[in-house]
Amino acid sequence: MVSCVVVGCGRMGLSHTLLINQFLGSNISFDFVDPSFLNRLIFKCLFPRASFHKSVNDPLLADKKFDFGLLCTPPSVRLAEFKRLRDLCDSVFIEKPVKVSGLRRSDSCGYVLLHHPCIRYLKKNFFNGNVVNRIDATVISNISFSGKTGGWRGYDKHLLITEFFSHLLSVVLYVGFDLDDRYEQIDVVNIQWVNNDNVNISLMFGGIPVNLSLEGARDVRKTSYEFSFTTDDYVISTDLYRIYKHSIVGNDEDASYVANITDISPEIFYLRGYEFSNQMESFLSGNPEQIRFDLMSKVIDETELKL
Amino acid sequence: MKIILGDNPFFGVNHAGRGNELYQKRSNVKAGECISSASNNGFDIFMLSPHPESNEILNLFNEFPLDICLVWPLPHAINTRIAQTGYFGLVRDYLSLRNIYSVLSTIFSVLIRSKKIYGIKRLIYYAIKKDIIYFRHPSSVKYVALHNIFTDVFLASDRKQIIVDFVQAVEDAELTPVIITQNVQSALEVLDKYKLTNRVILCGSINCLGYMMETELKNYIQLLEKFRSRGGKFWGMQILASGSSNLDDVEKCGFLEECDGVVYASSKSYRVVEFAGFIQRHKEV
Chain A
0 MVSCVVVGCG RMGLSHTLLI NQFLGSNISF DFVDPSFLNR LIFKCLFPRA
50 SFHKSVNDPL LADKKFDFGL LCTPPSVRLA EFKRLRDLCD SVFIEKPVKV
100 SGLRRSDSCG YVLLHHPCIR YLKKNFFNGN VVNRIDATVI SNISFSGKTG
150 GWRGYDKHLL ITEFFSHLLS VVLYVGFDLD DRYEQIDVVN IQWVNNDNVN
200 ISLMFGGIPV NLSLEGARDV RKTSYEFSFT TDDYVISTDL YRIYKHSIVG
250 NDEDASYVAN ITDISPEIFY LRGYEFSNQM ESFLSGNPEQ IRFDLMSKVI
300 DETELKL
Chain B
0 MKIILGDNPF FGVNHAGRGN ELYQKRSNVK AGECISSASN NGFDIFMLSP
50 HPESNEILNL FNEFPLDICL VWPLPHAINT RIAQTGYFGL VRDYLSLRNI
100 YSVLSTIFSV LIRSKKIYGI KRLIYYAIKK DIIYFRHPSS VKYVALHNIF
150 TDVFLASDRK QIIVDFVQAV EDAELTPVII TQNVQSALEV LDKYKLTNRV
200 ILCGSINCLG YMMETELKNY IQLLEKFRSR GGKFWGMQIL ASGSSNLDDV
250 EKCGFLEECD GVVYASSKSY RVVEFAGFIQ RHKEV
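Residue numbers (numbering that gives the first Met the number 0), protein chains in the order written: chain A, 0 to 306; chain B, 0 to 284.
These aren't lab readings, by the way, just hints derived from the structure by calculation. Only a predicted model underlies this, so the values are computations on that prediction, with no experimental measurement involved. Don't be surprised by glycine CBs; every beta carbon is placed ideally from N, CA and C. Some hints here could point you the wrong way.
Said to hold, decoys possible - Sample of chain A residues facing chain B (criterion: CB under 10 Å; computed from the structure): (1) S14; (2) T16; (3) L18; (4) N20; (5) C44; (6) S50; (7) Y120; (8) N124; (9) F126; (10) Y240; (11) Y256; (12) F268; (13) Y269; (14) R271; (15) L306.
What the hints assert, rightly or not - Pair by pair, the computed Cβ-Cβ distance ranges are: (16) B:D157 / A:V188: 47 to 55 Å; (17) A:D262 / B:E250: 45 to 53 Å; (18) B:K267 / A:R48: 44 to 52 Å.
Okay, chain B solo, but in the shape it has when bound (with noise of 0.2 Å):
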């Protein structure tokens, strides 16, 4: 089993409230011991975000010591860039488009760059080899991950296609692609009906209570079962439910033995190191 390290505690928290210890100012110090505790104590892979702030982290090693899994692209800075500038704005900025050298530049790119794929499949692949190159440790990028926000609007449109498009554009990049969701289910039935069972690993909300679930704990496990019957992969994320649940009630409710990975996020290194104890309590038994 795979133990993912995610990466959302080390660029600033998703509730803000006062009584929350986590409101003050991020540190890259703290988030760097985090990777090595994480490192040292049997963790595999770093789920890391494109973020504009990615390569101060990365920055403190010479060698990254974790597989990285890239989640592609990033909605909340999408967003943010979209409130700020608008659509136009976003594209600009995206693309880095600031004078008619860098339009021509841009667009020489995205024809060149790629030989073998057309159309959106070669937007996607351009887009995300742009991403790496712009990090660090490119060669430490073993995954590429379509963040949950964008495989859920694939999902609930009318073009479900787009979802096979980025695997190939992965897959293209010699790289294993990953699709997280929060509706499970659905994007069963998506990479059955397209094929992708034995070609992408799949990352979902799995935990006690239901929580973030398109479904009951019972008729995952049973969706899983079937899916990793026929050589699919899933790795679990939110397996503590936003902090509701605990480490004994995850071994207890038995959906571990559907993992073949765990996502775990924390910015504390006592809490990383725990958890890998806990990962590895369980594999031994």
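Bound conformation, chain A alone (with noise of 0.2 Å):
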């Protein structure tokens, strides 16, 4: 019997919880962690069977040992809960951590672009190796981040910075400057924010320029992203659903979808889209995807400084 423990019960602890109880079936055991009543019930719906706690402190914890366990709570709280948590599990997987020290090779980060179909095609055709001179990401999204809002999010700059321009840092690092040295040397150029709807971000990573923008409130079903590398030939770009290829020189260009470039499990097990099916069997397989964290909080503090 495998046994998990997830902290924090909103969407995110839902997706995942779903996904890992699918993955191995009847041989798992939940407890789940959340101080909400109303976030434990709607958990309690769906795992009838399972434990329940209102906090990690709980000394029902205490004595337990899990062979995995899911980190989901809101940004503001996950260091200090991820703490515990290590010394709970054998391996740990937090949903987008920002600054994050102590990981092991076994804990996996909850940055779900790295496991979509066009950024890993990205990844392994065109730029494994390849120098990127210029890279775009834009995050556009159905939300408004301007008004009022509820729950734990206060849409201030720090949230969004968070929330949104990690994905896109991800994305930018695993794809265009992951485990090369040379691009170490970042410097935050320009920061425009209009409104919490609007907003773009201008970076320096050794000397090739990587710009960021957030577009709120705009007229889409959901969360959508677009990224696009220069390099010395070509603009490769993608909404995650084509890859298109421009050529700078000529006027050639080619575009793939996504379903043609999708590696197909025989089986699967889908919510939310491949790349949620692809982190969770790379978490469970022990040896999951890893990113530059270190340059990520590098980031992230030169950001906040300037703002």
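Take the two lone chains, each set in its own frame, and fit them into one complex as the hints suggest.
Written as structure tokens, this is what we have:
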């Protein structure tokens, strides 16, 4: 029997729990931790046999040992709970940790776009060893971040950076600059914060320009992304449905659809698309994808200093 | 074979890259033209989610020309609402709880409207009825489909019984239940276990490339043959694999034989007409 503790019973906690439950079938037992009665009630409806706790410091958890831990709490409390969960679990999955230390090889970080077929394809086929001259990354959302918010989300500048720019940065680091020391010199060149729905941040990674943008309150069904990588010969871009390859010198252009480049697994359960299933498979493998979190922290620190 | 028009392109796009010609303001007039073209060319059903803007499209018609399949509930709106206002904001807005009178009214409605069903079933029944009444053409709603995100949440949880509750609630509303999923294999197991095979229409991804399919196509076809031989009905969706396949591929792959309906979505009238012609030719062959 595999044991799993889930800390944070919100939307992300639910998504990851359902996937791990489906992957490991009837051989898994759950403990859920959340201070909210409503959240625990929702999870109780879906997992009636599980154990429930209000806090990771619940004495009932003290003597337990878990194979897996899923940490899906709000960003403000994530780091403190990670330290506690690391003691309780062999492997911990942390939802989007911007600044984290003490990760073990078996721990995994919830940057789901790293597991998207288009991003994996870009990494493998275009940029493994090739030089990128410029990167543009945009998140486009139907949500407005300018109005009054509820729950734990209050859309101050720090939270917007944590929630959205960290996704963009994860892909930039993974595809463009991962594991290359040349790009450790990071400068925040310019920040245009028109309002919370219209933000542009210009960075330099070792002299390579990187432009990150947030466009909120747009006419899209759900949050979408666009990434564009420029090399000497091509501009390669993706909206996570297609990959476009435009020649800079000529007029030729290729487009690959995501269905054509996706490695179809013979048996896989889908919840919120390939990337979420791939991410959970990667975590359960014990050898998950990693990126340079030290660079991520450095960018976030530098950006917040300039705000 | 039923031809079903999907509504996704009418309510904003999934992928908003600047290279995407859809990256523009949505047009209710174009949506209305598509629906008229679909109706005039043999489409049977319009799959419609309870978007806040749904009535803007329905208002274009004095009498709606297609049967409506309500896709319920709408996860993107719920997701957005939770992100903007939290869980309590979602409950408050969804049940229209503005003051003490509206709270009492909602409690009264949930308790009194249906005397036959209880618990989760009653809540589902109440919520579906609430969404249907909101529509401009409530009498056109003939089917209610459980959105794939919710189906797949229940399939992956330890409470698959909620799918049965949904089916019973829709049947109590004297409508036909549809279960949408991207995990057809898992759904078929649940339908079989709870003896729902003859009571629902299953709607799932099927295409030549195996895109968003839980297992490969030849396994799907075998599973569907068995399901349909016991009276089950299947509607295929994503048959063009998000644009990666073409209609010739679809014909060659042979999965249309296992479909009692196919879902097609486009914001362009000429594509709707082209697809209707393809299905017509397939039926004749």
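Verification of the supplied hints:
{"no.": "1", "hint": "S14", "verdict": "9 Å, holds"}
{"no.": "2", "hint": "T16", "verdict": "8 Å, holds"}
{"no.": "3", "hint": "L18", "verdict": "7 Å, holds"}
{"no.": "4", "hint": "N20", "verdict": "6 Å, holds"}
{"no.": "5", "hint": "C44", "verdict": "6 Å, holds"}
{"no.": "6", "hint": "S50", "verdict": "13 Å, violated"}
{"no.": "7", "hint": "Y120", "verdict": "14 Å, violated"}
{"no.": "8", "hint": "N124", "verdict": "17 Å, violated"}
{"no.": "9", "hint": "F126", "verdict": "19 Å, violated"}
{"no.": "10", "hint": "Y240", "verdict": "4 Å, holds"}
{"no.": "11", "hint": "Y256", "verdict": "4 Å, holds"}
{"no.": "12", "hint": "F268", "verdict": "6 Å, holds"}
{"no.": "13", "hint": "Y269", "verdict": "4 Å, holds"}
{"no.": "14", "hint": "R271", "verdict": "7 Å, holds"}
{"no.": "15", "hint": "L306", "verdict": "22 Å, violated"}
{"no.": "16", "hint": "B:D157 / A:V188: 47 to 55 Å", "verdict": "51 Å, holds"}
{"no.": "17", "hint": "A:D262 / B:E250: 45 to 53 Å", "verdict": "26 Å, violated"}
{"no.": "18", "hint": "B:K267 / A:R48: 44 to 52 Å", "verdict": "50 Å, holds"}
Violation of the numbered hints given earlier is confined to hints 6, 7, 8, 9, 15, 17; the remaining hints are satisfied by the structure.
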